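Modelling step: build the complete structure from the supplied sequences, incorporating the hints.
Offset between the sequence shown (1-based) and the working numbering: plus 9.
Do not rely on the hints blindly, as some may be mistaken.
Stated by the list, open to error - No farther apart than 30 Å at their CA atoms in a straight line, the calculated lysine-lysine pairs in the BS3-like style are these: (1) Lys38 <-> Lys55; (2) Lys158 <-> Lys193; (3) Lys158 <-> Lys168.
Stated by the list, open to error - Derived DEER-like restraints, expressed as beta-carbon distance ranges: (4) Ser188 <-> His129: 29 to 39 Å; (5) Glu120 <-> Glu207: 42 to 52 Å; (6) Lys158 <-> Ser73: 57 to 67 Å; (7) Arg219 <-> Arg126: 17 to 27 Å; (8) Glu120 <-> Ala41: 40 to 50 Å; (9) Thr54 <-> Gly282: 45 to 55 Å; (10) Ala84 <-> Gly230: 15 to 25 Å; (11) Ala198 <-> Glu286: 38 to 48 Å; (12) Pro290 <-> Ser73: 47 to 57 Å; (13) Ser260 <-> Val186: 35 to 45 Å; (14) His129 <-> Ser74: 37 to 47 Å; (15) Gln237 <-> Asn184: 24 to 34 Å.
These are calculated hints, taken from the structure and not from any lab test. Note that the structure is predicted; figures quoted are calculated from it, not measured. Beta carbons are placed, not taken as given, at the ideal position from N, Cα and C, and that holds for glycine.
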Amino acid sequence: MTLAASHPAGNPSAVMPEEVRLDQRDFAKVAAIVDREARIALQPTKATLVFSRLSRRLREHGLSSFRDYLTLVEADAVERAAMVEALTTNHTHFFRESHHFDHFRESVLGELQERVRAGHSVRLWSAGCSSGEEVYSLIMCMFGTSRSKARWAVDGDVKVLATDLSARVVAAARNAVYSEATVKPIPDAYRRQWLREEGADFAVVDDARRMVTARELNLFGEWPMRQQYDVIFCRNVMIYFDDAATSELISRFSRLLRPGGYLYIGHSERLIGPGAEGLVPCGQTIYRKEGSQ
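Okay, here's the thing in structure tokens:
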């Protein structure tokens, strides 16, 4: 049975050979590899998407069947990573799910400022940062609407970790240059202070970029971080995992959160498993770890 049409979606000029099909067996192999490498649960309803995105990889390698492509993927770790990245959706925008940023400004920012004034470090993590809009939304909230208001963070021991599975979007987060359309959701007061024109685009100012460390990271691989975090944002990432993977990830986040720290998740996500026991709801899809900082 054929699981997808023979033409890649969105690119009618690039026609695959008529005999190229993604059959059930090939789809099952793709799904198994993606689950093994990134714990992403691919449902059969995603077959058309898989066909469309991986057809491009077949063309790049001059291959005429998914069977040959999967043989390559199993033998080549670089192509295996490229396949997983090709199947990863990276949708984001500045100040997405704005209630999270409202809560951060109103309920968390003052605590972080107090920690810095007391000589402590502040660490924030955007896990699944995509192209960086979430990261710089957070930093703009910390900086406020003037250079003077930002001094506590710029001069203090404040750092933001931005991680994603995709090398391409990590590079974009590191570069921090965005189109005019992309920056439209940013409030004017923030935009005037923390963006500068760069040709037809807008670049995040250096003070904000210096605060960010952008790295590739598989959330189910080894985490090199040893310090605890005051705030973790992991939004609209766990929707791609099954319950076992979600439970494991929540437990790992909980261990890495400082007592009193905050975890923000996506609007359609939920906490499950043992790691959720010490995380207390304090807003819409916002949780605080029991204990005091």
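Evaluated hints:
no. : hint                          : verdict
1   : Lys38 <-> Lys55               : holds, 14 Å
2   : Lys158 <-> Lys193             : holds, 23 Å
3   : Lys158 <-> Lys168             : holds, 17 Å
4   : Ser188 <-> His129: 29 to 39 Å : holds, 37 Å
5   : Glu120 <-> Glu207: 42 to 52 Å : violated, 34 Å
6   : Lys158 <-> Ser73: 57 to 67 Å  : holds, 59 Å
7   : Arg219 <-> Arg126: 17 to 27 Å : holds, 21 Å
8   : Glu120 <-> Ala41: 40 to 50 Å  : holds, 44 Å
9   : Thr54 <-> Gly282: 45 to 55 Å  : violated, 26 Å
10  : Ala84 <-> Gly230: 15 to 25 Å  : holds, 21 Å
11  : Ala198 <-> Glu286: 38 to 48 Å : holds, 40 Å
12  : Pro290 <-> Ser73: 47 to 57 Å  : holds, 53 Å
13  : Ser260 <-> Val186: 35 to 45 Å : holds, 36 Å
14  : His129 <-> Ser74: 37 to 47 Å  : violated, 57 Å
15  : Gln237 <-> Asn184: 24 to 34 Å : holds, 29 Å
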